[in-house]
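Using the hints, position chain B against chain A.
For the record, the sequence lines run as chains A and B.
The first sequence begins at 16 in our numbering and counts up one residue at a time.
The second sequence begins at 16 in our numbering and counts up one residue at a time.
It is worth saying that the hints were derived from the structure and are not from the lab.
This structure is a prediction, so every number in the text was calculated from the model and none was measured.
Any given hint could turn out to be false.
[Stated by the list, open to error] In silico EDC-like pairs for lysine to aspartate or glutamate, Cα to Cα no more than 16 Å straight-line: (1) A:LYS69 with B:GLU240; (2) A:LYS54 with A:GLU131; (3) B:LYS69 with A:GLU59; (4) A:LYS69 with B:GLU265.
[As the list claims (entries may be wrong)] A partial selection of chain B residues facing chain A, derived with a Cβ cut-off under 7 Å: (5) MET129; (6) THR157; (7) GLY166; (8) GLU240.
All C-beta atoms in this analysis are idealised placements derived from N, C-alpha and C, irrespective of residue type, glycine included.
2 protein chains.
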Amino acid sequence: MLQDCIKAAANSKSQCLNFKDEYMLTKSTIKLVQSLQDKKHRKEQSLFVAEGEKIVSEVLASKIKVKTLFATSLWLQNNSINVHKAIECIVVDEKQMKQLSAQSSPPQVLAVCMIEQVELPLTIKGITLLLDTIQDPGNMGTIMRIADWYGITRIICSESCADVYNPKVIQASMGSFTRVAVCYARISDFIKLHATIPVYGAMLQGKSIYDVSFKPDCMLLIGNEGHGISNELLPLITYPICIPKRGGAESLNAAVAAAIICDTWARSVA
Amino acid sequence: MLQDCIKAAANSKSQCLNFKDEYMLTKSTIKLVQSLQDKKHRKEQSLFVAEGEKIVSEVLASKIKVKTLFATSLWLQNNSINVHKAIECIVVDEKQMKQLSAQSSPPQVLAVCMIEQVELPLTIKGITLLLDTIQDPGNMGTIMRIADWYGITRIICSESCADVYNPKVIQASMGSFTRVAVCYARISDFIKLHATIPVYGAMLQGKSIYDVSFKPDCMLLIGNEGHGISNELLPLITYPICIPKRGGAESLNAAVAAAIICDTWARSVA
Chain A
16 MLQDCIKAAA
26 NSKSQCLNFK
36 DEYMLTKSTI
46 KLVQSLQDKK
56 HRKEQSLFVA
66 EGEKIVSEVL
76 ASKIKVKTLF
86 ATSLWLQNNS
96 INVHKAIECI
106 VVDEKQMKQL
116 SAQSSPPQVL
126 AVCMIEQVEL
136 PLTIKGITLL
146 LDTIQDPGNM
156 GTIMRIADWY
166 GITRIICSES
176 CADVYNPKVI
186 QASMGSFTRV
196 AVCYARISDF
206 IKLHATIPVY
216 GAMLQGKSIY
226 DVSFKPDCML
236 LIGNEGHGIS
246 NELLPLITYP
256 ICIPKRGGAE
266 SLNAAVAAAI
276 ICDTWARSVA
Chain B
16 MLQDCIKAAA
26 NSKSQCLNFK
36 DEYMLTKSTI
46 KLVQSLQDKK
56 HRKEQSLFVA
66 EGEKIVSEVL
76 ASKIKVKTLF
86 ATSLWLQNNS
96 INVHKAIECI
106 VVDEKQMKQL
116 SAQSSPPQVL
126 AVCMIEQVEL
136 PLTIKGITLL
146 LDTIQDPGNM
156 GTIMRIADWY
166 GITRIICSES
176 CADVYNPKVI
186 QASMGSFTRV
196 AVCYARISDF
206 IKLHATIPVY
216 GAMLQGKSIY
226 DVSFKPDCML
236 LIGNEGHGIS
246 NELLPLITYP
256 ICIPKRGGAE
266 SLNAAVAAAI
276 ICDTWARSVA
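This is chain A alone, in the form it adopts within the complex:
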């Protein structure tokens, strides 16, 4: 098995890759990977987990540093590109992958990646998303995917938002976390720092987005799933906006609302 992998690595013209066979998977390594399900341990170790073929291939194609790649020999035989970017690669069997993975169907590949500090942007170009206490990891990941679709490369989150390195966020973002930088900050401070840039706030009582002419450079504030935008941020909104409703639903999901507004912004500045 190790030979197959060395062959695969040779195919990718990598020479410095540190391959280890499955007997090298120690209990403490398994424990470390499992511990990264928790934010506390991710923070302590500055590491997070990305799982599955699509997501790991996006990680390997990005600037994210991979500390350890855990892969089955089957995956390695078919995916030699960029494998050498990982500092080390441990070949595991499916039973071992099951121990490492948090998913119900364990993937063929799992990467332990390094968390890098993201600096707050100094200037605002295009639309910048401000997320106020988006707590559902699925919503958070979906919003990152939406941002990525519209070419938005930065999201500012309140500290009360879900952790971007939560495995469910990583999964829902479908690889978009490799292109969208997420900074955690006090949103009120961030808005005040960019006082000349208008802030659109998604609210049930706002001006219809159909009648708004969006500014090319702006911020879009999206509130919590249940409670909307925090009281302390309401006075900082330049333009309260809403998505006109025709039916009976009380509200739209936060990610869905973000998508409709981003699309409206994109078409108005196109």
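Below, chain B alone, put in the same frame as chain A:
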């Protein structure tokens, strides 16, 4: 406790409500409610479960028939409106609710509701959503909520879609399942039956939605999360459409795409 509930029921001017105290909660009842997590049992019993205050209050305000309402005395004291619509109400404590509920934090109220057959619509008015193998229950529920926001009262699903009575669909729809009827059918047959109505198909290679003038009465076909629209349905699309992309994401989530297109339809026919 029972007295409190009878008082609550009296407040709601109901006289025929069949109240039962918590000792009436038998093991076989618990087993029945738990079994409704599975589609097979839901089909056999023609019953489904709706949980939580918001969702149950929407159920009680709707035409959906409630066979049994399981509620804590606390909930009953504060929510007497429409409680009499349930055929029976069993007062339970929190420990019992935990046994009945599929959620990690058990709610104060849970309704076992009757499934009614939904007939296929004979005519098409407004936009009708056609879902082709939407398998993720969260997406399915979110699409129902989007439909409800835009006043769309009917969704046609292929048999391969997630079951509308799956607890995760019910949860994600946030009560919109009480206003949006979902019919399961062969989508190709349905389209052929309404051959004069245009079908918009959401695809990566289609005409930009920014350049489409939507017809007021139409069908919108949304494909599977991973594989898009089935090959057999492609020739039935009148207008292939796409959401213009500016960034790096490969695709948008199916529910998000549905939302953006529904919003574009709504603003163009407003």
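Each hint, compared with the structure:
Restraint check: the Cα-Cα separation between A:LYS69 and B:GLU240 comes to about 14 Å, which is no more than 16 Å; the hinted pair holds. Distance check on the hinted pair: A:LYS54 and A:GLU131 sit about 15 Å apart at the alpha-carbon level, within 16 Å; holds. The hinted pair formed by B:LYS69 and A:GLU59 fails the criterion: a straight-line CA distance of about 39 Å is larger than 16 Å. Restraint check for A:LYS69 and B:GLU265: satisfied, since their Cα atoms lie roughly 11 Å apart, inside the 16 Å limit.
Hint on B:MET129 is violated. Least Cβ distance to chain A is approximately 21 Å, over the 7 Å limit. Of the supplied interface hints, the one on B:THR157 holds, with its beta-carbon coming within about 6 Å of a beta-carbon of chain A, less than 7 Å. A distance limit of 7 Å between C-beta atoms decides the matter here; for B:GLY166 the minimum to chain A is near 3 Å, and the interface restraint holds. For B:GLU240, the suggested interface contact is broken, since its CB lies about 10 Å from the closest CB of chain A, more than 7 Å.
Hint check: violations occur at hints 3, 5 and 8; the rest are consistent with the structure.
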